[in-house]
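Chemist: Here's the letter readout for the chains.
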Amino acid sequence: MELTGAEIVCESLIKEGVDVLFGLPGGAVLPFYGALSKYSQLRHILVRHEQAAVMAADGYARVTGKVGVCCATSGPGATNLVTGIAGAQMDSVPIVVITGQVPRPAIGRDAFQETDVTGITSPVTKHNILVMDVRDLPRAIKEAFHIARTGRPGPVLVDIPKDILFGEKIEFEWPDDINLPGYNPPGAADEDQISRAAGLINNAKRPIVLAGHGVVISHAFAELQEFVEKAQIPVVTTLLGISSFAPDHLLHVGMPGMHGLAYASLALDQSDLVISLGARFDDRVTGRLSAFAPQAKTIHFDIDPSEFNKNVRANVAVLGDLKLSLQALTPQINREVHVEWLNTIENLKSEHPSLKIRESDELLPQYVLQQLSEVTRGESVVVTGVGQHQMWAAQHYRFKEPNTWLTSGGLGAMGFEVPAALGAKVGRPDKTVWSIAGDGGFQMTMCDLATAVESQIDVKFAILNNGVLGMVHQWQEFFYDKDFFATEYSGNPDFVKIAEAYGIKGIRVTDKAQVVGAIREAMETPGPVLLDFIVKPDEPVYPMIPAGESVNEMMEEPITERVS
Amino acid sequence: MGKNVNYHTITALVEDKPGVLARVAGLFRRRGFNIASLAVGQSEQPGLSRMVFVVDGDQYTVDQATKQLDKLIEIVRVSDITHEEMVSRELAMIKVRTTSSTRAEIIEVVQLFRANVVDVGSQTLVIEVTGEEEKINALINLLEPFGILEMMRTGRVAMVRGQADGRVSDSIGIDFYGDYGKELEMSAPGSYEGV
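Protein chains in written order, with this note's numbering: chain A, 1279 to 1842; chain B, 58 to 252.
There may be inaccurate statements among the hints.
Stated by the list, open to error - Calculated lysine-lysine pairs in the PhoX-like style (CA-CA distance at most 25 angstroms, straight line):
#, chain 1, residue 1, chain 2, residue 2
1, B, Lys152, A, Lys1420
2, B, Lys128, A, Lys1344
3, B, Lys192, A, Lys1420
4, B, Lys128, B, Lys74
5, A, Lys1709, A, Lys1678
6, A, Lys1601, B, Lys128
7, A, Lys1483, A, Lys1447
8, A, Lys1293, A, Lys1344
9, A, Lys1316, A, Lys1483
Please keep in mind that the hints were generated in silico from the structure rather than gathered at the bench. Remember, predicted model here, so these are calculated numbers, not experimental data.
Extracted from the complex, chain A is given alone in its bound form (with noise of 0.2 angstroms):
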């Protein structure tokens, strides 16, 4: 049967397995949404703004490690894309992006709404392409989903001219193969590297795992557990490794780093051997480069050869998918014990507990979110914007589940919660979902509050409602001589008022005492909820290494006001 392009297009979204896409319509695009409509066996979640269709596709991927899906119209539509792409990119998420574009006739003169969407994404996808011929159109699809999952994935967009969409009529054929001969993504790891990398941690004496996000993406989670066990290595785990290894594992020591606790950064600096999991070194991470981990040799598996010596130089690198290089690797790695490295640790744990919170009548953010990671006991989807909520949640929540932690790391994208979080429920309907936000960034893509009631999507919202940009403010503080220019928000909508207007139920918490009724009252409470936590102002984030510099300037919550 000949079908349009449009038709092409969903026919071929169907053959790669996709059941949901995120978008919302406008003139170039809408040959597609004519021929959506009449496949009902894709839902079409319609946002309000499309930079939520992406950031949901973003959210949806990473919950459930499919391709997610969004599409827009060409010029405005796609440019308001482009913050949800880059952190698709920045963070190695499947998704794949369908832009209408003006017609090929109009290509080229200013149309209307015409932009160049493949030329303004360039530097920020794996991939994009721009099909100029109906013929070429499925295997630009299947092509797209392939290089999306495959290798490091990454976002790839497909830009569709019009009357490609609705113009010629032909035959739908399927490609049966992927024919990309500069395209090969590595398999298993070299021998020759694994065993250079096994002799190494079975000579080291105060050896770390530092897990990233290539062991969510790879789903090594047993592989990880089951290498760290036999030698007894402690795991440090990256912003987006968070969820990657139990944090009640007695090998688990937290998130190093800029914001990380500072045992965590004092075990990495103390170590003799980094043995680096699917993490990139993110200056966040490293802190100043020349004094970074000074005694240790480093390790480096990674799927993306580039990210070898990149940052860090590495002693030996393992290029491969993670999951099958620990699997070759822990069968070579000799049963160790290592007691005195673990005491260490341990001791830097109690001399350095970051975790506590001091008392105090008021109610401070952190106290919060530890709340909420008791009464939810660690089992929720936790999806956060940037800023400090971020690292006091990064902190605080304690994980049960792999893969349940969902955060704008690398490009550090403030209004991710709120979409993110609608596509983490669409993907893990079985799973409650927070979506936890500071007022800054619940205000950039609030407006999605109407995806979440119109579709249905029962994510839970919480705010830490402290009235300023809090890490800028806090930046400010620490570096600008107080100067707290243009970081105060003086002008905030009263956010229960926001979500009533909505039809969702809001709830204001003010005191310490209304914390945990609240988070329960949330959970129980069928359909989305707002939580308006008016937190203490002025809270610092600790511990801090500010930026460019190395543990040995690590700032911490002053001990006198902490209790134990």
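Please build the complex by placing chain B on the supplied structure of chain A, with the hints as guidance.
Modeler: Using the frame of chain A, we list chain B on its own:
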């Protein structure tokens, strides 16, 4: 260019598709790599072109540049042939100011360099010269006093020399792992300020 150790020769076999050159140029720009020269043309395989880059940078920069290039989907194969036995050539066209009194002298220089005069005007000569960069630089130096009105250089094209095994430039590839344990000149790491 010449023998400066910081210049590296990289060849890439690329799919002949729209936008490939823009992708490559964009990658070099956003990663802060400097291209000293770039030459593109058909390869021996239909649908594939070959690019030759001369990249200005230390070993760290060149390693990153080649690995990042290799990640572009349309780039089929990247090879750093800097340290291989290779032949390289560049073509230049040079328009020189002439008068009746200097023309003979210029033509003599051209002949010494086995270059060609490809256009003779009443006040100019256009000279075509092919060779390694040093030879072209030397010719330019000699022609400069006469007055160079216009010049166009193609950039380096290069190929590894043949051996008994019939290897080609593409079989050199790039080193994904780097040299373990060897201290290497590194420009970016350790030197950038906090962000």
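Chemist: Please go over all the hints and tell whether each is borne out by the structure.
Modeler: Results for each hint:
1. A distance of roughly 52 angstroms separates the Cα atoms of Lys152 (chain B) and Lys1420 (chain A); the hinted pair therefore is violated under the 25 angstroms criterion.
2. Of the pairs offered as hints, the one joining Lys128 (chain B) and Lys1344 (chain A) holds, with about 22 angstroms between alpha carbons and a cut-off of 25 angstroms not exceeded.
3. Taking the CA atoms of Lys192 (chain B) and Lys1420 (chain A), the gap is near 50 angstroms; set against the 25 angstroms cutoff, the hint is violated.
4. For a cut-off of 25 angstroms, the pair hint linking Lys128 (chain B) to Lys74 (chain B) stands: about 16 angstroms separates their Cα positions.
5. With a C-alpha separation of about 12 angstroms, the suggested pair Lys1709 (chain A) and Lys1678 (chain A) falls inside the 25 angstroms cut-off, and the hint holds.
6. A distance of roughly 22 angstroms separates the Cα atoms of Lys1601 (chain A) and Lys128 (chain B); the hinted pair therefore holds under the 25 angstroms criterion.
7. With a C-alpha separation of about 67 angstroms, the suggested pair Lys1483 (chain A) and Lys1447 (chain A) falls outside the 25 angstroms cut-off, and the hint is violated.
8. Restraint check for Lys1293 (chain A) and Lys1344 (chain A): satisfied, since their Cα atoms lie roughly 14 angstroms apart, inside the 25 angstroms limit.
9. With a C-alpha separation of about 63 angstroms, the suggested pair Lys1316 (chain A) and Lys1483 (chain A) falls outside the 25 angstroms cut-off, and the hint is violated.
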